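Participant: The residues making up each chain are set out below.
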Amino acid sequence: MTGRLIPREAGIHPPLFTPAYKTSVLRSPQRALIAFDSSPSEETGPTFGHMKLGALDNDLLLNYARPGTSAIGERIIVHGRLLDENNRPIPNALIEIWQANAGGRYRHKKDGYLAALDPDFGGCGRTITGEDGSYAFRTVKPGAYPWPNGPNEWRPAHIHFSIFGHSFGQRLISQMYFEGDPLIARCPIAQTIPDKAALDRLVAALDMSETKPMDAIAYRFDIVLRGHRQTHFENRPEGM
Amino acid sequence: MVQKFDKPILTPSQTAGPYVHIGLVPEACGIEDVPFETLGREIAGPEAKGDRIKITCRVVDGGDLPLRDCLVETWQADAAGIYPGQEGADPAVSGFGRMPADFTTGEITFETIKPGAIALSGDRKTPPHISFWIFARGINHGLHTRMYFPEDDLSGDPLLARIEHRDRIATMVAEATGPGEYRFEIRLQGAGETVFFDI
Ligand SMILES: [Fe+2]
Numbered sequence: 001m002t003g004r005l006i007p008r009e010a011g012i013h014p015p016l017f018t019p020a021y022k023t024s025v026l027r028s029p030q031r032a033l034i035a036f037d038s039s040p041s042e043e044t045g046p047t048f049g050h051m052k053l054g055a056l057d058n059d060l061l062l063n064y065a066r067p068g069t070s071a072i073g074e075r076i077i078v079h080g081r082l083l084d085e086n087n088r089p090i091p092n093a094l095i096e097i098w099q100a101n102a103g104g105r106y107r108h109k110k111d112g113y114l115a116a117l118d119p120d121f122g123g124c125g126r127t128i129t130g131e132d133g134s135y136a137f138r139t140v141k142p143g144a145y146p147w148p149n150g151p152n153e154w155r156p157a158h159i160h161f162s163i164f165g166h167s168f169g170q171r172l173i174s175q176m177y178f179e180g181d182p183l184i185a186r187c188p189i190a191q192t193i194p195d196k197a198a199l200d201r202l203v204a205a206l207d208m209s210e211t212k213p214m215d216a217i218a219y220r221f222d223i224v225l226r227g228h229r230q231t232h233f234e235n236r237p238e239g240m
Numbered sequence: 001m002v003q004k005f006d007k008p009i010l011t012p013s014q015t016a017g018p019y020v021h022i023g024l025v026p027e028a029c030g031i032e033d034v035p036f037e038t039l040g041r042e043i044a045g046p047e048a049k050g051d052r053i054k055i056t057c058r059v060v061d062g063g064d065l066p067l068r069d070c071l072v073e074t075w076q077a078d079a080a081g082i083y084p085g086q087e088g089a090d091p092a093v094s095g096f097g098r099m100p101a102d103f104t105t106g107e108i109t110f111e112t113i114k115p116g117a118i119a120l121s122g123d124r125k126t127p128p129h130i131s132f133w134i135f136a137r138g139i140n141h142g143l144h145t146r147m148y149f150p151e152d153d154l155s156g157d158p159l160l161a162r163i164e165h166r167d168r169i170a171t172m173v174a175e176a177t178g179p180g181e182y183r184f185e186i187r188l189q190g191a192g193e194t195v196f197f198d199i
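As they're listed, the protein sequences go chains A and B.
Here this note's numbering is used: the first residue of the first sequence is 1, the next is one more, and so on.
Here this note's numbering is used: the first residue of the second sequence is 1, the next is one more, and so on.
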């Protein structure tokens, strides 16, 4: 699906300058972004549908674990569908995730939090969406962790998501939170999103229907990317 | 009352955070035995047609400090100006690059081929350019800009024509530093702030 991209709706994405999230202060442009109709440079994009995935690429319980063991923590399934804003599924699209372990510690040389590393948990996974836009990961629920934005600031449990549509202009990076977490309302990063309904989009719901009894709790997280304009009455020569 | 659109709300963006490397370039942050290979390493394979070029870039914050924890993704056409996936595209060009800044210097260096001019409607063309998408801790929504080449005539570009402050166009033009070598500095804020797009 290509063609002109629908302009981003105002008020959904966070502004770039959000002083309560201190790092944004020196990393945000002061000039207005230049808006423009999409062109082939934004309407095309890398595709990964042909990529050969390993059997455990979307299974963070096992993809870094030593043989015969699995990662420590609350076992969860995160699943959902990738759609565009016209409610159409986006198939064959790459979703990559990364997260802290159950104690809130990242396997990253710059993370010095005193929570222990789990030798059986790496913290990254990826998958390609199915024909109906569906995807699923198996992992552990990440722990909350402190960060130095304020004297006593804690990130709510979250999983980082990187998503490709079929157009470079659809590229999105975001974070998924968990239903019922009291830290979401206190988090300066989550609260960069001004619209309550938009922030709710990032909160995955407990999904008992996909929960595997005696095994793993499921959360459902649907993702919606920009869509392409319908082609009625398009004054546009072939090949654009 | 009117009919209600049944349109879902877009998923809002959040910062990639400081640990983005784990998911997107795991070997860069000290993860051994990475479960899978990193994407976007080869933008143009050895068989790709066109002039080979080398680009060094840096992303600098409003306090003049290079970002040492950012990632850059690039997207470009082949030497004929055709994007991968379009009919007739050079099969040796993936067009997609993903590069982390060096943890010490903040530098990002990559090799590719120079893209061709891109055909638009009618007989208009956009001069050769590489699209950049920059994300990091402190950036709430990926920043989109383009890198143009100093040797090209940019006067016919409809996108650049939209920019009212003409002196800002120079912020998107790389500097030639040698044969086939360019330097591109992306300034997030303040004097010489790079032009960023909402496209
Ligand atoms: Fe995080």
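In case anyone wonders, no lab produced these hints; they're calculated from the structure.
Here the structure is a predicted model, which means the values were calculated and not measured.
Yeah, the Cβ is synthetic: ideal placement off N, Cα and C, and Gly gets one too.
Take the hints with a grain of salt, since some may be wrong.
Quick look at which bits of chain A chain B covers, simulated, 3 or more residues with Cβ under 8 Å [what the hints assert, rightly or not]:
(1) 44-50
(2) 108-119
(3) 127-141
(4) 179-186
(5) 212-218
No farther apart than 27 Å at their CA atoms in a straight line, the calculated lysine-lysine pairs in the DSS-like style are these [to be verified]:
(6) A:K22 - A:K196
(7) A:K141 - A:K110
(8) A:K110 - A:K196
(9) B:K7 - A:K196
(10) B:K49 - A:K196
(11) A:K141 - A:K196
Now the stretches of chain A that chain B is said to cover, found in silico as 3 or more residues with beta-carbon under 8 Å [unchecked claim]:
(12) 53-64
(13) 68-74
(14) 80-92
(15) 164-172
Participant: Does each hint fit the structure? Answer for all of them.
Facilitator: We went through each hint and held it up to the structure:
With 5 residues bearing a CB less than 8 Å from a CB of chain B, the region 44-50 of chain A meets the requirement of three and the coverage assertion stands. For the region 108-119 of chain A, the stated coverage by chain B holds: 4 residues have a C-beta nearer than 8 Å to a C-beta of that chain, and at least 3 were required. Under the rule that three or more residues need a Cβ within less than 8 Å of chain B, the assignment of the region 127-141 of chain A is violated, with 0 such residues. With a threshold of 8 Å between beta carbons, the proposed coverage of the region 179-186 of chain A by chain B is violated, since 0 of its residues qualify and at least three are required.
Counting residues of the region 212-218 of chain A whose beta-carbon sits less than 8 Å from any beta-carbon of chain B gives 0, not enough to reach three: the coverage restraint is violated. Taken as a hint, the K22 of chain A and K196 of chain A pair is honoured in the structure, with Cα atoms around 21 Å apart against an allowance of 27 Å. At most 27 Å may separate the alpha-carbon atoms for a hinted pair to count; K141 of chain A and K110 of chain A meet this at roughly 21 Å. Proposed proximity of K110 of chain A and K196 of chain A is contradicted: the alpha carbons are some 32 Å apart, above 27 Å.
For the suggested pair K7 of chain B and K196 of chain A, the alpha carbons sit about 17 Å apart, so the restraint of at most 27 Å is met. With a CA separation close to 50 Å, the supplied pair K49 of chain B and K196 of chain A exceeds the 27 Å bound. Using a Cα cut-off of 27 Å, the hinted pair K141 of chain A and K196 of chain A holds, with the two alpha carbons roughly 24 Å apart. With 6 residues carrying a beta carbon less than 8 Å from a beta carbon of chain B, the region 53-64 of chain A meets the three-residue requirement, and the given coverage holds.
With 0 residues bearing a CB less than 8 Å from a CB of chain B, the region 68-74 of chain A misses the requirement of three and the coverage assertion fails. Restraint check on the region 80-92 of chain A versus chain B: 4 residues with Cβ-Cβ distances below 8 Å, three needed, restraint holds. For the region 164-172 of chain A, the proposed coverage by chain B is satisfied: 4 residues have a C-beta within less than 8 Å of a C-beta in that chain, meeting the threshold of three.
Checked against the numbered hints above, the structure breaks hints 3, 4, 5, 8, 10 and 13 and satisfies the rest.
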